[in-house]
Amino acid sequence: MTSSVPQRAIVWPGLPLPRAFYHRDPRIVAPQLLNKVLVSADGRSGRIVEVEAYCGAIDPAAHSYRGKTARNAVMFGPPGFMYVYFTYGMHWCCNAVCGDDGEGAGVLIRALEPLTGLAQMRRARPRARRDSDLCSGPGRLTQALGISGIQNGIDLVAAQAGFTIVDDGFAPPRKPPGRTRIGISRAADLLWRWYVADNEHVSKR
DNA sequence: TTAGAGATGATC
DNA sequence: ATCATCTCTAAG
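Here the first sequence stands for residues 1 to 205, numbered as in the working numbering.
Treat the hints as calculated values from the structure; they're not laboratory data. Model, not experiment: these values are computed from the prediction. Please note: incorrect hints may appear among the correct ones.
Here are the computed lysine-lysine pairs in the DSBU-like style, where the Cα-Cα straight-line distance is at most 35 Å [claimed, not checked]:
(1) K204 / K68
(2) K175 / K204
(3) K175 / K68
All chains should be modelled from the sequences, with the hints used to inform the complete structure.
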């Protein structure tokens, strides 16, 4: 049975996820990232409620599929770093690099449930009419948290560059729904998107 | 509430 | 030409 959980829960200081957490197949890491908390040094944070795995050389939809380029270079580095890319001429999207150094794997963070720093998020996203518009999409959450190309390549584990992902004791869902990834044309049948069921802050609706 | 299309520019 | 998207507008 699926039950809604108290989403606007306490944010413990939390421990940054260790590098070993990311040093696994992105299809394992992605669902494990659900209910973890993306934190910025300026006090904005949100619980991760939707993710997608991108699997490098075996995944035609991954930026890294055709090998290393200037844009995707960070994906080919060690796990635990943040890969931020610009798309559709307008939007920044944020990934956690996963797998082995050189593999080109990652997890796209697609939606957050805002936890702290809501006022600053609303200021950063004046178009958002409701709080569920603040971080319910990969381009929305980067705008809400102030993530752009400047953060490409920062270390999420060391957390010295202003962003990290922490475990505040809120467990991931046991069996999160797996669905097709959004906005891709190749490998569009793979169920490599996971989300927290019944959460208002998941994208689409 | 939903469907459709425009915006806008880097990438390879 | 395509793109790991978002927002507005028009219609129901």
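Hints violated by the structure (numbers, ascending): No numbers; nothing is violated.
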